[in-house]
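Generate the whole structure from the sequences, applying the supplied hints.
Number of protein chains: 2
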Amino acid sequence: MNKVFLLDSTLRDGAQSVGISFSVQDKLKIARILDDLQVDYIEAGNPGSNPKDMEFFELLRTNPLQHSKVAAFGATRKKNTAVEDDANLRSLLSAGTDCVAIFGKSWDIHVTDILRASLEENVEMIRDTVRFMKENGKEVIYDAEHFFDGYRANPEYALKTLEAAYESGADCLCLCDTNGGSFPDFVQSVTKLVIERYPVAVGIHAHDDAGMAAANSVLAVSAGATHVQGTLVGFGERCGNANLATVLANLQLKMGYDCVPAEALERLTSTVHEVADVSNISVSKNMPYVGANAFAHKGGMHVDGVMKNSLTFEHVAPSAVGNSRRVMMSEVAGRSAILEKVKKFYPEIKKDSEEATKIIEMVKQMEHQGYQFEGAESSFELEVRRLLGTRPKFFELQMLSVTDEQQSESRKKPSYATIKVLVGDQLEITAAEGMGPVNAIDAALRKALEVFYPEIGEIRLTDYKVRVLDSESATAATVRVLIESTDGHEYWTTVGVAVDIMQASTRALMDSIEYKLLKSNATAQSDMKQTESA
Amino acid sequence: MNKVFLLDSTLRDGAQSVGISFSVQDKLKIARILDDLQVDYIEAGNPGSNPKDMEFFELLRTNPLQHSKVAAFGATRKKNTAVEDDANLRSLLSAGTDCVAIFGKSWDIHVTDILRASLEENVEMIRDTVRFMKENGKEVIYDAEHFFDGYRANPEYALKTLEAAYESGADCLCLCDTNGGSFPDFVQSVTKLVIERYPVAVGIHAHDDAGMAAANSVLAVSAGATHVQGTLVGFGERCGNANLATVLANLQLKMGYDCVPAEALERLTSTVHEVADVSNISVSKNMPYVGANAFAHKGGMHVDGVMKNSLTFEHVAPSAVGNSRRVMMSEVAGRSAILEKVKKFYPEIKKDSEEATKIIEMVKQMEHQGYQFEGAESSFELEVRRLLGTRPKFFELQMLSVTDEQQSESRKKPSYATIKVLVGDQLEITAAEGMGPVNAIDAALRKALEVFYPEIGEIRLTDYKVRVLDSESATAATVRVLIESTDGHEYWTTVGVAVDIMQASTRALMDSIEYKLLKSNATAQSDMKQTESA
Chain U
385 MNKVFLLDST LRDGAQSVGI SFSVQDKLKI ARILDDLQVD YIEAGNPGSN PKDMEFFELL
445 RTNPLQHSKV AAFGATRKKN TAVEDDANLR SLLSAGTDCV AIFGKSWDIH VTDILRASLE
505 ENVEMIRDTV RFMKENGKEV IYDAEHFFDG YRANPEYALK TLEAAYESGA DCLCLCDTNG
565 GSFPDFVQSV TKLVIERYPV AVGIHAHDDA GMAAANSVLA VSAGATHVQG TLVGFGERCG
625 NANLATVLAN LQLKMGYDCV PAEALERLTS TVHEVADVSN ISVSKNMPYV GANAFAHKGG
685 MHVDGVMKNS LTFEHVAPSA VGNSRRVMMS EVAGRSAILE KVKKFYPEIK KDSEEATKII
745 EMVKQMEHQG YQFEGAESSF ELEVRRLLGT RPKFFELQML SVTDEQQSES RKKPSYATIK
805 VLVGDQLEIT AAEGMGPVNA IDAALRKALE VFYPEIGEIR LTDYKVRVLD SESATAATVR
865 VLIESTDGHE YWTTVGVAVD IMQASTRALM DSIEYKLLKS NATAQSDMKQ TESA
Chain X
385 MNKVFLLDST LRDGAQSVGI SFSVQDKLKI ARILDDLQVD YIEAGNPGSN PKDMEFFELL
445 RTNPLQHSKV AAFGATRKKN TAVEDDANLR SLLSAGTDCV AIFGKSWDIH VTDILRASLE
505 ENVEMIRDTV RFMKENGKEV IYDAEHFFDG YRANPEYALK TLEAAYESGA DCLCLCDTNG
565 GSFPDFVQSV TKLVIERYPV AVGIHAHDDA GMAAANSVLA VSAGATHVQG TLVGFGERCG
625 NANLATVLAN LQLKMGYDCV PAEALERLTS TVHEVADVSN ISVSKNMPYV GANAFAHKGG
685 MHVDGVMKNS LTFEHVAPSA VGNSRRVMMS EVAGRSAILE KVKKFYPEIK KDSEEATKII
745 EMVKQMEHQG YQFEGAESSF ELEVRRLLGT RPKFFELQML SVTDEQQSES RKKPSYATIK
805 VLVGDQLEIT AAEGMGPVNA IDAALRKALE VFYPEIGEIR LTDYKVRVLD SESATAATVR
865 VLIESTDGHE YWTTVGVAVD IMQASTRALM DSIEYKLLKS NATAQSDMKQ TESA
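Those sequence lines, one after another, are chains U and X.
Position in the first sequence (from 1) plus 384 gives the number in our numbering.
Position in the second sequence (from 1) plus 384 gives the number in our numbering.
Derived by calculation from the structure, the hints in this document are not laboratory data.
Hints should not be assumed to be uniformly reliable.
Same chains, same label: a pair holds when it works inside one copy or across any pair of copies.
Claimed, not checked - Pairs of lysine to aspartate or glutamate residues, derived as EDC-like cross-links and limited to a Cα-Cα distance of at most 16 Å, are as follows:
1) Lys638 to Asp569
2) Lys692 to Asp497
3) Lys742 to Glu551
4) Lys742 to Glu834
5) Lys413 to Asp661
6) Lys436 to Glu751
7) Lys692 to Asp492
8) Lys804 to Glu789
9) Lys849 to Asp661
10) Lys413 to Glu817
So this is what it looks like as C-alpha cells:
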C-alpha cells in the first residue's frame with residue numbers, strides 16, 4: 385500500500401479560527417489525542433510570533449509523544465536580514481523540534497505588496513532559510529503559501545520559488561491553496577506538473593473557502609502528492625482548513641492509501657469529538673464520516689433500502705470510522721454498542737433480555753433530555769445500576785439551597801450553600817461557602833458527606849465543562865455539565881443535565897462522589913474476599 | 385454568458401434531514417425566499433408519498449411564484465402496474481406543476497435487491513413513466529438515482545436506463561451521486577461521456593458524504609452539465625445535499641456562468657440565513673461564502689495582508705455575496721485591527737494618540753482576564769466608552785441576590801432574584817423568579833429597568849453560551865458568558881467573565897441592556913437633530 389503522510393495543524397492554523405483559544409493544557413490534550421490517532425506530524429505552533437507557543441514546545445520536550453513528529457512553523461527570514469540574525473528563525477530552532485515547516489511567498493503580488501521586497505530577494509529568502517534549517521539538521525517541510533494563486537498569476541515565478549526550496553534541500557514541497565479559492569481539476573493538474581519537475585515529496589494544504597478543500601486534497605493525492613496538511617475537525621482561518629478526518633477516511637477507505645493504522649481509523653469518530661470537546665466546539669452533525677447524522681437514515685425509501693442492503697445507501701461501513709448507523713424513528717439505533725458498555729460492569733447482560741430493552745429505552749430517553757454518555761461512562765454505569773436495582777444507596781440529598789449576592793457590578797460576596805443529606809438513618813445539615821455558587825455546592829456536598837465517608841477527601845476535580853444545549857432558549861436553555869474527577873489513581877467523568885446550571889452541576893458532582901464510593905466499596909469487598917480466601 | 389439552471393430541493397431532499405420538519409407555512413416562506421433569489425426550479429415535494437405535500441402544491445397554485453418553476457418529485461411506476469393505474473403517478477399529475485422530476489434506478493443491485501424487479505423491467509418502468517409524463521404535457525427532469533455507483537458497477541446497464549429516459553423524451557438527464565461517495569475526477573469524466581452520448585440537457589445531483597458535493601457539482605458543470613440540483617443551506621439526508629449557495633457562488637463568480645441575477649447573488653448571505661431561520665437551524669459559521677467567519681481574519685499576518693490588499697487573503701469580494709469582512713480582535717490581530725473597530729463609533733481616534741494606547745492596554749488586560757471581544761463588539765464598545773468617559777450612566781446595580789433551592793435530586797423550586805438598581809436618583813427594588821438562577825437574574829434586571837426604559841421590552845435573547853476557561857480549576861474556574869440579543873432590527877453580542885457564573889452572566893446581561901439603551905438614545909438624539917434642522 386502507498387503511504388500518504390498527514391500533518392495536522394489544529395494547534396497552529398486551527399488556533400487561528402474565530403472562537404478558538406487554546407490554553408497550554410488544551411494544546412497538550414489535543415497533541416495526545418492526535419498522537420493516539422498516529423498522524424505523522426503535529427504542527428504545534430509558531431514560536432516566533434507567539435511566546436505562549438514556546439512554552440508549549442518546552443512542555444512537549446519534557447512529555448514526548450509516542451508516534452507523531454512535532455513540527456514548528458515559521459516564515460522565511462526577513463528581508464535585509466542574515467539568517468543567523470533573524471529572531472524568528474532563532475525561535476524556530478530553539479523550539480527544539482526535529483521538523484520545521486517554513487512558509488514562503490509564491491505569489492508575486494504578495495512579495496511586492498505585503499513583504500515589499502523584490503521578487504529576486506524573496507527567492508533568496510527562501511533559499512537561505514531552507515538551507516539554514518537543513519544545516520541545523522532539521523527535516524524541512526516547505527509550505528509554498530498561495531502557490532496555486534501564484535501559479536495562476538505568474539507560473540514562472542511561482543515555480544522559481546519552489547525551485548529555490550528544492551535546491552536548498554527541502555524534504556517536502558507543500559503546495560498551499562491559502563485563500564481556498566482553487567478548484568480540484570486545476571489543483572490536480574498543477575500538482576502533477578510540480579511532481580514531474582521536482583523529484584521530492586510533494587504535499588497539499590487546502591482551505592475551504594469555495595467548499596473544495598477535501599476535493600483539492602484528494603485530487604492532489606491522485607496526482608501523486610504524498611503529504612496532506614489539514615486540521616482534524618476542519619478548524620482554521622475563515623471557512624477552515626481541509627478537514628483531515630474527511631480526507632483521511634477518503635484516502636484510506638476509498639482510495640486504498642495507507643495513512644494511520646486501521647484500528648486508529650476505527651476510532652476516528654470519537655477522536656474527532658474529543659478534539660472538538662477540548663476546543664469547546666460542537667462537531668457539525670452533518671460532517672462527513674464522523675457527524676452524528678453521517679449515517680442517519682430518515683426518508684422511508686432510504687431506511688427500507690439500507691435494511692435490505694446497507695451498501696445501497698451507505699458509501700462506506702460506519703464501523704470503519706467508529707460511527708454508527710442511526711435509523712430515525714425506530715428501535716435499532718446503537719443497541720449492541722450500548723450493551724457492550726453494560727457488559728463492562730454487568731457481564732451477565734443478555735442481548736435480547738427485558739433488562740437490555742429497558743436500558744436502551746432509558747438511554748434513548750435520557751439522550752432526548754440532553755444527556756450524552758459518550759465520555760461520561762461513570763454516570764452511565766450509575767444510571768444502569770439504578771435501573772437494575774444494583775446501585776447502593778450511599779446518601780440521599782434532601783435539600784440544597786444556594787445564595788449568591790452581588791453588591792455592585794464588581795463587588796461580589798462569597799456564595800453560600802446550605803445542605804441536608806440523609807445517610808442511613810442519620811441526617812447531616814451543614815453549610816459552606818465558595819467562589820461562586822457551584823464551588824459552594826461542591827464544598828457543602830463534600831463537607832456533609834465526609835462525615836460518613838472520609839475517602840471523599842481523596843477526590844480532586846480536574847475538569848469542569850459547561851455546554852449550553854439549546855442556546856436559542858437563552859437564559860432558559862438546558863445545560864449539560866461534565867465533571868472529571870480523580871482520586872490520584874483513576875480518572876472518571878460524570879454528567880448532569882438541567883435547565884438550571886446549579887442543578888446540572890449538583891447532579892454531576894453527586895455522581896462523581898457516588899462513583900468514588902462505589903469503587904472503594906467494591907475494592908473493600910474484594911479485599912475482604914481476598915482476606916477470607918487467603 | 386452560459387446559463388446553468390439551478391434546482392433547489394430544500395423542500396424535498398432537505399426535508400429528509402434529521403432535525404428538520406417543515407410546516408406548510410414554513411414551506412411557503414422558503415419557496416418565496418427561493419423565488420426571490422430566482423432559482424430556476426423549486427422541487428417542492430413528493431405528492432405520492434406525502435399527503436401534506438399535496439396541500440402545499442395546492443397552496444402554491446393559488447399563490448403563484450414570480451420567477452421559479454415548481455417541480456413535483458416522484459418515482460417511476462411500480463412494477464407490474466400500468467402507468468395509468470399507478471397511484472403515485474396520478475398524485476404527481478394532480479400536483480398540477482408544469483415540471484416533474486422522475487427518479488429511476490440506474491444501479492443494478494438496487495433493481496434486484498430493493499425493487500426486486502428484473503433489470504429489463506426497470507428499463508421499461510423508466511421508459512413508460514417518462515413517456516406518460518411527456519404525453520401529459522410535463523417538462524420532465526429524469527433523476528438517474530445512484531447513477532455514478534451504477535456506472536461503476538455496471539456501466540452498460542446504467543447507460544441503458546439513461547437511454548430509456550432520453551428516448552422517451554426527458555428534457556434533462558440528471559446524474560445523481562445519491563450516496564455521496566464519488567470523487568470529482570470520476571464525476572467529471574462520466575458526465576462528459578454522457579453529454580457526448582445524449583444531445584439533451586444533463587444535470588448533476590450530489591451528496592456530501594465524502595465532502596465532495598460542491599466539487600462534484602462544479603466539475604460536472606466544467607464537463608458540460610447545465611443543470612445543478614442542491615439545497616441552498618446544504619440540508620439533506622445524512623451529510624446533506626450539495627450546498628447550492630456554495631455552488632451558485634462558485635459558478636457565477638469564479639467560472640463566469642449565469643445562474644441568477646447579480647443583484648440576487650448580492651443578497652445571498654441574508655437569503656441563506658432566512659432559509660435557515662425558517663428551518664430553525666443555524667448557519668455554520670464557517671460555511672463558504674455566507675458563513676459569519678467566511679471573511680473573518682484573525683491571524684496577525686492575515687489581518688495585516690488583507691488591510692494592505694484584500695485580494696491577498698480573500699478569494700472573492702465579500703460584497704459580491706452580501707457578506708462582509710470581519711477583522712477579529714485578539715492578541716494576534718494587533719493594534720490596527722482594534723483601532724479599526726474603535727473608528728466605527730469614534731471616528732476621531734488617532735492611531736498614535738494616548739487614547740489609542742490606553743485602549744490597546746485595556747484590551748490586552750481584559751483578554752488576559754479571559755475576555756474575548758471578537759464576536760462581542762457591543763461589550764467592546766461599552767468598555768471603550770467607559771475608558772474614554774463617553775458611556776452614559778443609564779443605571780447602577782446596587783445589589784443582586786439569588787437563591788436557588790433543590791429539595792431532592794430531582795425536585796427543584798424556581799430560582800428567585802432580588803435586585804436593587806439606581807436610575808438617576810430613583811431606587812428600584814424588585815424581585816423575579818426564573819427557571820434557574822440566570823433566568824431569574826435576567827427577569828429581575830428587565831423588571832427593574834423597564835420601569836424607566838420601556839424599550840427594554842423589545843430585547844429578546846437569541847443565544848447564550850458558556851465557556852469554562854481554566855477547566856482544571858474545576859468548580860472554581862473562570863467562566864466566560866456570551867449573550868446574543870436582538871430587538872427585531874439588529875443583533876448584538878455581549879460578554880461577561882468571572883469565577884462566578886452568576887456574575888459573568890449578570891455582566892453580559894447588563895451590557896446587552898446598556899447597548900440597547902445606547903442605540904435607542906442615539907437614534908432619539910439624531911431624530912431630534914433632524915427635527916430641529918427640518
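Homomeric proximity label, Lys692 with Asp497: Cα distance no greater than 16 Å: This pair counts as between: shortest inter-copy Cα distance 7 Å, intra-copy 60 Å.
Go through the copies and call it for Lys692 and Asp492: within, between, both or neither, with a Cα cutoff of 16 Å. between (57 Å within a copy, 14 Å between copies)
Tell me, please, which holds for Lys849 and Asp661 at an alpha-carbon limit of 16 Å: within, between, both or neither? both (9 Å within a copy, 14 Å between copies)
Evaluate Lys436 and Glu751 at a C-alpha cut-off of 16 Å and name the case that applies: within, between, both or neither. Between copies only: 14 Å across chains, 39 Å inside a chain, cut-off 16 Å.
Measure nothing new, just compare the shortest in-copy and cross-copy C-alpha distances for Lys413 and Glu817 to 16 Å and report within, between, both or neither. neither (32 Å within a copy, 40 Å between copies)
Given identical chains, is Lys413 near Asp661, meaning Cα to Cα at most 16 Å, within a copy, between copies, both, or neither? within (11 Å within a copy, 36 Å between copies)
State whether the alpha carbon distance between Lys742 and Glu834 is at most 16 Å within one copy, between copies, both, or neither. neither (34 Å within a copy, 50 Å between copies)
For the identical chains here, do Lys804 and Glu789 meet the 16 Å Cα criterion within one copy, between copies, both, or neither? Close across copies (11 Å), not inside one copy (22 Å); limit 16 Å.
Identical-chain pair category, Lys638 with Asp569, by Cα at 16 Å: This pair counts as between: shortest inter-copy Cα distance 14 Å, intra-copy 19 Å.
Using 16 Å as the alpha carbon limit, work out where Lys742 and Glu551 are close: within a copy, between copies, both or neither. The answer is neither: 67 Å in one copy and 49 Å across copies each exceed 16 Å.
Hints 3, 4 and 10, counting from the list given before, are not met by this structure.
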